[in-house]
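Based on the hints, put chains R, A and D in the right spot on chain S.
4 protein chains.
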Amino acid sequence: MLHQRYREVRQYTCQLCRPLKIEDYIPQPVEFASPPKWHLAHTTWFFEQMVLLPYCPDYTLYDRDFNYLFNSYYNNVGDRIVRTHRGSITRPGVEEVYAYRKYVDGAMEQLLSQPLDEDLSALIVLGLHHEQQHQELLITDLKYALGDNPIFPVYREDFNLLARAGRDSGRLPIAEGVYEVGFAEEGFCYDNELGRHKVYLEACTVDKGLVTNGEYLEFMAAGAYEKFDYWLDEGWSWVNRESIRAPLYWHRIDGEWHHYTLAGLQPVDPEGILGHVSFYEAAAYAEWRGRRLPTEFEWEVAAPDMEWGQRWEWTNSAYLPYPRFNKAPGAVGEYNGKFMVNQMVLRGASIATSPGHSRSTYRNFFHPDARWQYTGIRLAQ
Amino acid sequence: MLHQRYREVRQYTCQLCRPLKIEDYIPQPVEFASPPKWHLAHTTWFFEQMVLLPYCPDYTLYDRDFNYLFNSYYNNVGDRIVRTHRGSITRPGVEEVYAYRKYVDGAMEQLLSQPLDEDLSALIVLGLHHEQQHQELLITDLKYALGDNPIFPVYREDFNLLARAGRDSGRLPIAEGVYEVGFAEEGFCYDNELGRHKVYLEACTVDKGLVTNGEYLEFMAAGAYEKFDYWLDEGWSWVNRESIRAPLYWHRIDGEWHHYTLAGLQPVDPEGILGHVSFYEAAAYAEWRGRRLPTEFEWEVAAPDMEWGQRWEWTNSAYLPYPRFNKAPGAVGEYNGKFMVNQMVLRGASIATSPGHSRSTYRNFFHPDARWQYTGIRLAQ
Amino acid sequence: MLHQRYREVRQYTCQLCRPLKIEDYIPQPVEFASPPKWHLAHTTWFFEQMVLLPYCPDYTLYDRDFNYLFNSYYNNVGDRIVRTHRGSITRPGVEEVYAYRKYVDGAMEQLLSQPLDEDLSALIVLGLHHEQQHQELLITDLKYALGDNPIFPVYREDFNLLARAGRDSGRLPIAEGVYEVGFAEEGFCYDNELGRHKVYLEACTVDKGLVTNGEYLEFMAAGAYEKFDYWLDEGWSWVNRESIRAPLYWHRIDGEWHHYTLAGLQPVDPEGILGHVSFYEAAAYAEWRGRRLPTEFEWEVAAPDMEWGQRWEWTNSAYLPYPRFNKAPGAVGEYNGKFMVNQMVLRGASIATSPGHSRSTYRNFFHPDARWQYTGIRLAQ
Amino acid sequence: MLHQRYREVRQYTCQLCRPLKIEDYIPQPVEFASPPKWHLAHTTWFFEQMVLLPYCPDYTLYDRDFNYLFNSYYNNVGDRIVRTHRGSITRPGVEEVYAYRKYVDGAMEQLLSQPLDEDLSALIVLGLHHEQQHQELLITDLKYALGDNPIFPVYREDFNLLARAGRDSGRLPIAEGVYEVGFAEEGFCYDNELGRHKVYLEACTVDKGLVTNGEYLEFMAAGAYEKFDYWLDEGWSWVNRESIRAPLYWHRIDGEWHHYTLAGLQPVDPEGILGHVSFYEAAAYAEWRGRRLPTEFEWEVAAPDMEWGQRWEWTNSAYLPYPRFNKAPGAVGEYNGKFMVNQMVLRGASIATSPGHSRSTYRNFFHPDARWQYTGIRLAQ
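These protein sequence lines map, in sequence, to chains S, R, A and D. Under numbering that gives the first Met the number 0, the first residue of the first sequence is numbered 0, with each subsequent residue one higher. Under numbering that gives the first Met the number 0, the first residue of the second sequence is numbered 0, with each subsequent residue one higher. Under numbering that gives the first Met the number 0, the first residue of the third sequence is numbered 0, with each subsequent residue one higher. Under numbering that gives the first Met the number 0, the first residue of the fourth sequence is numbered 0, with each subsequent residue one higher.
Only chain S is shown next, with the shape it has when bound in the complex:
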């Protein structure tokens, strides 16, 4: 069954790349958005470095240079190319990166056809979840690169991830008291979800639905980006320094708001769910409405009774360790823990999230100015 899952996940990455031209595999338009070619190679590198090399004595490294080229941030695995230079690396070419995938998949298939002990299985499962995270990044990074092009290229005509969604209205009440949060199921989770623990919540309500484009347009009409009162101090600096005037990918054309989607440029649908806003914008919007963002724990408690999964939702919780958080030794321990400062927690999942890669205890995290994910706003009180 793990064998089957390995194949599915690996193939899905390739499937996402099918509409690409060779040219699209290359650019890194900004430090945080890596080229598709890099995602293809890096997810493969993960299996090679973390699974095949330590566990298969007969495995022959595909290419010594690839460790340098396709390591992301694992100091334990050695030096790596400066992050900003990923877009300059044209060789190995796309074809060879696919050959690299094939080579590693071959070795992995052989490994997977044998009985595996629990630790090794867990590591492979981690690698698959790692790949699924990169599938989502592949989509959002690609969108960022194509969206930087003034001719607004179409990735796939039928790939409009921003389409309207049936939406729940009303507010979900949470009663005061002690709740348990954190992962407690069977199966996979990241280390940052562990340490199931009790939290005390005051009575509150969480909105059933997410903020729509139309609702956000009201905020803009009320002078959102011109009035300091709504903004966190660093948010207001960000607005002015970056000349922010609308969510990412929005363009005003002949007096009408449009936004770039992977299906091309489209008019903004007031009924559509708002996306591509920063934490600063989310907090300012809540302030203007006289509401607030939920904490990650309010969100988790409310989750079973509300619709979610279209947007990563900004919470008002900073990304910090749970009680008893313990990072694993070596490279795997660099996965999450070392990022626990200056980032905010997002909960939910987005329409770019791979199938089977969401849980109500999942903790995503980004810096408060990040907008290139499918991020949205849910209000609480």
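No wet-lab data here; the hints were simulated from the structure. Warning: the hint list may mix true and false statements.
Note that the list lumps identical chains together, so a pair holds whenever it fits in one copy or between two copies.
As the list claims (entries may be wrong) - Straight-line alpha carbon distances no greater than 27 Å define the calculated DSSO-like cross-link-like pairs of lysine-lysine that follow: (1) 226 x 326; (2) 226 x 101; (3) 197 x 226; (4) 207 x 326; (5) 197 x 20; (6) 207 x 197; (7) 20 x 226.
Only chains R, A and D this time, still in chain S's reference frame:
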């Protein structure tokens, strides 16, 4: 009694400045460290703008330009000089700033000799606490400016705020359960301490004593600043970008560690309490010891049973609003709320904190790279 | 004959691209180094915008967006994509850029098959020289992009432009007196070469040969990059800010100096002509030898009697207008004049210069820190 | 006589400081503008380090730290404080810096009362010219610091250096031919003026008068800062990056142009001579008028027949060595030569230039964006 308190607080600011030369009042060595002259004027400006102008119809503004020159960050009170330019403002001179203080104090004395309603009293009390905060900044900013001078000037021979302190050892146990945190006393507190609320804590221990220079030297001897494993990712970038090799103000001279104090350059005393470290250093130290920093709630619960007050202590809590946090309308509302992102909470008080300006519920906050306050480390587990 | 020349020049650009993979056409590793795709399109855009649109009333624009995408710096021709973003533009793809070239070439061929007046001929000749300049840039920008790749890809095995050259030694004497400089032949030259005029030169000598790698290695062995005395003040800042330790593309591997060439990584040949140094390095080397760089006029006077054409040679002349310099109206006038500040003149031509694109009056110019051209050093006294 | 001159020059520096408050001695508002205290000390340091220490065996250093604090850019004399930190140095205080001056003057007076050999005399004369350069900088740096203050402090009511001047009109013709340029008189000059040599000039005219504020206002009315056509490419970038809209110190108040002078804020006088423009503005103005700036040699040849001395005048010559330029060994050799790249030559002198410190062969030089000197425009054709 408020009248008396007003006099004491205001005089204490001037007393702190007595050892200064006129020259020392001027420089702003770095954006975050304001000149003494500016602190003297800005605290006065606060009473003029927030108290005298709104509440005393007969009050005549001292000088229209001062609002522009001595506003810090209150958007509600109008434009202000760019923060980085405070060190270029030589006029009005120091003498005139003292005249400004005298003028405003005269008007305040008149006001304080009358019966005041509760709101106005509360506002004046806020102004006094505001001034006390700036007294601490005055000391730490001055230290930063003088410490930038290669001849290490002495502020006061008897002003060695880093001296050794009797120290408690051992670990304080906290039992699992629900605790109440936040301000619940009579008297003054900041808005960010309000919203007394329940939190659920797991069983833990908090060290009774703070980390000493000697203990930190062990960390340095173990390669503190050369090994990425101990550091948060952003901390490691900071170490490398800023070439950090020791706490702030430490200098290695002829093979011996010295540090700059307001009483001049002195050898580092291994028994002295460590100071002037960033959150990044605090977190790395804890990691290396196999321990962790307490959360701000663990700290608050443990506070009654431990010694504190020598250092601001980094906690592992991000600076976020308490339940029911509500920022006041207008300028006063800009005091705290708008800074609630990307900063870490510090608890306690430092030896530079003014008398009567500490509480176990007090929430100080700084960016994780800040070191110019008297910041220290307490461990938990 | 112009017709024939048009075909040759245009085909040569495509020929230079033949060894490229599609991937190589995309990246812009640094602001000043444009992608091959961009060079292919921009040189075509020049003919479309400067020749076909103004002079062929029947000409139909290939694509309206291309003007925005492939304008370089001509403010007169309208807005353009930010220079740093050229590497993010994956669409139109490489194939379509070749189609664009074919389309424009078709229209040009039609135009060229008719009798042309002198102005139009001159404009087309300018376009061909413009394309030849971009041919050289295409090679040097490509080298920069591939040289940024830690696996040092080979462009063409037989394309080692840094090979040893038969070299003249000795010094060429120039007698004191008045000389004429500037273009005075039949045929094409740039506007910055015009204004043939007299200059008064003192007696001097100019070396017949260029500095070799071996000679520069002596400088390095003498502490070139560690001693401030040899350097211009801004040069010394540059060395320290950029941590410069050797010419561009040089790597010390197992104690031996190698350099990246378009034929791959190779040991540095002491007899080879030095390349890829900045003006700062050239000036420091001359200072160390107790010599100096020639002025552009000394160079021009000496040119007929010395070998040149392998390196662009830094002179000690700033790039400034000749007497009677007159920039043409409109876009063509933006070609040269507006760059006449803060750049140094290079004379000669390099082994990457296209056939037929060199003259002894040619004035190339770069900022003093530029190293990605095949730049070298000739000494004078 | 040298003795008398020493006294006069040294006293003039102190005289310039007489209107200052202690506060004014401290700030460094921007990297290039040093505090008055630093100028006072650095000019003294020059005599101590270059004259007293090498030539007076009995001389006792005033304070070892001063070498570190008051060295400007002489690498030969050892380490020095980072240039940007000059404004943080409050100790030694102003009084002690005057004591330092007195101490060094005492030793110098003793030296000067003895017969001196030629070399030593020449060195002292160099020190006096060095001090005169700093006198001018002291005025212009002070203006920059005070001009940064929104209350526009007055230095001296009678110190309006921008007042109207009797002005010559008409154009001065220069005949084609060979001219000699460079210093050839008795007495002092800098090393960069030596190497008297012949240049060949084409026939041209140089304006007798300098550009007035009124003439420049015409340029502004014609869209000076909005039209790229007039500007050098780097000038246009500078205009946009720095949001330049007028000469330095100009403020539009209630629809009228005012400018800050050392006598306070004043309306711009259309008949006054324009000041405080960059080379970029000078070049753009000339371009708009269909004229050009003179070269430094045209200027020198025309000088005897025109009025000059109110502004430093931008020429279109880059700052480069004359033939036979030879920098002296050691620290004195760092005076001029190492700055000969990326700067433009200014000729003349300004109303802030000290008495006796101007010559028609004097070569001043600044980066093309510098505006804080009293810089003006003279046109040629």
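Going through the hints against the structure:
For a Cα distance limit of 27 Å, the shortest separation of residue 226 from residue 326 across copies, 16 Å, qualifies, whereas the shortest one inside one copy, 43 Å, does not. For a Cα distance limit of 27 Å, the shortest separation of residue 226 from residue 101 qualifies neither inside one copy, at 54 Å, nor across copies, at 36 Å. Proximity of residue 197 to residue 226 under the C-alpha cut-off of 27 Å is found in neither arrangement, the shortest distances being 39 Å within a copy and 35 Å between copies. Taking identical chains as interchangeable, the C-alpha atoms of residue 207 and residue 326 lie at most 27 Å apart only when they sit on different chains, with a minimum of 26 Å there against 35 Å within one chain.
With identical chains, the CA atoms of residue 197 and residue 20 are never at most 27 Å apart, being 50 Å at best within one copy and 56 Å at best between copies. Both within a single protomer and between protomers do residue 207 and residue 197 lie at most 27 Å apart by alpha-carbon distance, with minima of 24 Å and 26 Å respectively. Taking identical chains as interchangeable, the C-alpha atoms of residue 20 and residue 226 are never at most 27 Å apart, the minima being 43 Å within one chain and 40 Å between chains.
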